[in-house]
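Here's the letter readout for the chains.
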Amino acid sequence: MITVANLTKKFGDRAALDDLTLTVNCGEIFGLLGPNGAGKTTIIRMLTMLTKPTAGTISINQLSLNSNQQIIKELIGIVPQHFNLDIELSARENLELHCRLHNIKAKERNDRIEKLLTFVDLLDRANDMVQTFSGGMKRRLMIARALLHRPKVLFLDEPTVGLDPQVRRKIWELVRRLSTEGMTIFLTTHYIEEAEALCHRVAILDKGKLIALNTPRALCHGIGEYVVEWEENEEIRYRFFPDRTQAGAFCASLAAAVTIRRSNLEDVFVEITGRKVVEKNDSPY
Amino acid sequence: MIRHIRTVFWRDWIVLKRRLTRYILSRTVSPILYLIAFGWGIGRAIPMKQGNYLDFIVPGIIALNSMIISFNAVGPPLNMSRIYHKTLEEYLLAPISASSYIIGKILSGVLRGLISSVVIIILSLLFGTHLQMNIWFILALVLNCAIFSALGIVAALYMNSHEDMSNFNTYVLTPMSFLCATFFLPSQLPFIMQKVIEILPLTQASYALRQSSLTGELPGTAIIIMLVYLVVLICIGINKMNRLQE
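Taken in sequence, the protein lines are chains A and B.
Just so you know, we're using the numbering used here here: the first sequence kicks off at 20 and counts up by one.
Just so you know, we're using the numbering used here here: the second sequence kicks off at 152 and counts up by one.
In case anyone wonders, no lab produced these hints; they're calculated from the structure.
Quantities reported herein were computed from a predicted structural model and do not represent experimental measurements.
The C-beta atom is built at its ideal place from N, Cα and C for all residues, glycine as well.
Some hints could be false.
[What the hints assert, rightly or not] Computed cross-link-like contacts, DSS-like style, restricted to lysine-lysine with a CA-CA straight-line distance of at most 30 Å:
hint, chain 1, residue 1, chain 2, residue 2
1, B, K237, A, K157
2, A, K157, A, K124
3, A, K29, B, K168
4, B, K168, A, K126
5, A, K124, B, K237
[What the hints assert, rightly or not] Looking from chain A toward chain B, a few residues come up when the C-beta cut is under 7 Å (computed):
hint, residue
6, K92
7, E93
8, N103
Isolated chain B, as found in the complex (with noise of 0.2 Å):
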């Protein structure tokens, strides 16, 4: 099993690796933006009780853009492999077994959402926040990038199009960028809004990111709900996988 994790990771590797350079310069451009907008631009003037904007927005920054880099880095992919490629049929032809594709794929999903995530940290600490980086830290990230990268294996494999891959993007992801405690903190939300937001995986990342950087403590409870979730979409893609014969 675990050769065939490593076979599938290894062709990502591949790939990545041939555009490793322009992969990691492109990385660079949102988070400068948004370190420039909501750190300098609009932080600025966004009073805090304690230490400053820029502090609080990057980890949800940081739990954002892995959720993007991860989900992207596999979903399209595999749904164009799929439908259009045709190059899925090369795994499902081969002795392999759905888990370790699934958990290949993850493992790639995480690695793009770590390298993009390295750069945010880079450049935020040239924007002088103060990040805490600790075990935990590390811990929740690599949580985040493997359920956005399984929600990408599972949206990809549900999607019967490219067309239909976008309006998840559109309707789930989205979304989540705006509410799940990226720029602002759900308990200021309605109750009931709050309550739903806070379920969502990204809000617990950010939760978590937050935490672990500005206390170094461990954050337990969104470290707990973030692995049900991650065991959840693993599951899901695997049987998906497994009945994948048309």
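Pulled out of the complex, with its shape left as it was, chain A reads as follows (with noise of 0.2 Å):
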């Protein structure tokens, strides 16, 4: 579905994103996963046509995205992380235009406005100005937006960003839907739970490169299932093992209080890159 190759963007000397390589497939809900800076929106930028590529090739549904931008328009839906609707409209003048803008019939519009509405549990305030909506609201706004064209990609950028776990669990419902209904997803997250919980497979990257592709817990099993943690000279310690047993035998050696568990993405990065994806002095506090 979608086919990217040898994909560089550099902005002066610096590259945001670097010889990447990789495939999305029909139906699939593919994640991109990494720090803050580490090329992921550059990537959907790219793949959405905002921002072009210094070297490689993207095609999407075996349409290359140099010379097929208005065909492929109508092909992708896109809620970017930033919120771009217009606050002058109400939600249902938001998607109005939108309809209007991707060529949608007149007798079609309010129907399928009314059902994408319902889809994001927004038909209450549809005549609501968008600028008294909250963040969550505005968010679900956003993907019944993109869904209005019925998109065969969606692509998701940090859609869970600043929202409360309640409203980011509403929303990955939506997204498990769309996907059980046959549309190809393509998310970004720095959130290693969205990753998991949601991606039948997920790219990790770091710096603008691509360091580790797979399902999530295909990665998780390159490093061991499972995990010990446990303190040594005020130092958190751990180590990977296959199954719980082999670690289970590991702490029964151990004097120190330890914990088991089974390891997740943000080991396979941490064991990659020797960082965390959230760094604790990411934060100014």
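Please assemble the complex out of the two chains, which come individually in their own frames, going by the hints.
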């Protein structure tokens, strides 16, 4: 469905993305996981024609992005990380504008708008101005808008960033429902649990480079399904094991208090890069 | 293409319709001040060969006002939409051409410019001017609104901050407001300055509006110059819009 080959983006001398090659299958939920600044948004912007690649090729549905922009715009839906709804319009007017821009016939518009507002649970706020909406409502409206023209591929850039856990789960539920209906979903996230909960396959990015790509379980299996953590000389130490039995046997050999848990994508990232996806010093507090 | 032009225009019309009364009322303030200050105040002390100063200045005020309104109706909101609100992305991601977007925006700037001009025309008639409305007057007015809407679009696509937009206003629109045949004829200025000012679009708009309203004649040269400005600005806008990818 999506084929990316040797994709590179440079801003001056700095490579925001370096020689990325990957394929996303039809109907798949594909996740790009990485810390802030890894190049996730740059990829989405190139896939959606908002940013021009420095090198490399992209094709969607076997159509090259270079020569089929107008056709591809009909095939894709985009929910960007930032809120780009028109705050001078109501929710319904925002959707109406999208319908008109995507050539949806007048007699179909109302029906689609009503259905999608119901789908994202905003029908009762249809005529309210968007500027009165909370972050979660805006995000859900952006998802509804992106679905109006029935795209084959949906791009979600950090779809739940800044949202509370309840709204986050609601959006996950929406994404799963879309996937079961056959839509290909390409999302970026820096939330480990989001990538694990939603994605069929995950590509891990760091500093513009692809460092791993597989199913979440296979990535974890690669480092060991279980991890034992313990404290030694005021430092947290850890070790990976292929199964719980071996992890338990190792625990018995330790005098310190230990924790056994299943490994996750954060562990994969730390193992490969030596850093966490969200570093403590990423926060100003 | 026409459907998409209508869509771009529809969005701006929805927003304008919601505040139409407020918009019209706010558009009366500057013209009233201009008419009082330059018509009754300074105007009474200025001797004219034919007619009075109010008859001379009203076409200039209409040109000036429609320039400011059309530019500001399109330029700053589009700049905000591109840089801050990112709502321009909705159009960039849609299967519409750059020309549809540019023409739709120009039409919405023209509409606002015309509404505001109608307000001035009504007020100036109340102040006792002798304006002659005809097809050439309307053509010149529409062209003036279109030129400055297009200039607003070009500025909004090139300027990378709100401050730059404001500077554009200061360096381009403000000098034109004072020099382009609104309050006096450029023939009173030094020769070189006169020639420079005469090629500016607002000067041609003032000439065209004045000639058509005072004599009823077709201001041919001015209309041709204005058309050239409009086409060039539209081409620059479309070209820039097509290259908006980072």
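For each hint, the structure was consulted:
no. : hint               : result
1   : B:K237 with A:K157 : holds, 14 Å
2   : A:K157 with A:K124 : holds, 25 Å
3   : A:K29 with B:K168  : violated, 44 Å
4   : B:K168 with A:K126 : holds, 24 Å
5   : A:K124 with B:K237 : holds, 26 Å
6   : K92                : holds, 4 Å
7   : E93                : holds, 6 Å
8   : N103               : holds, 4 Å
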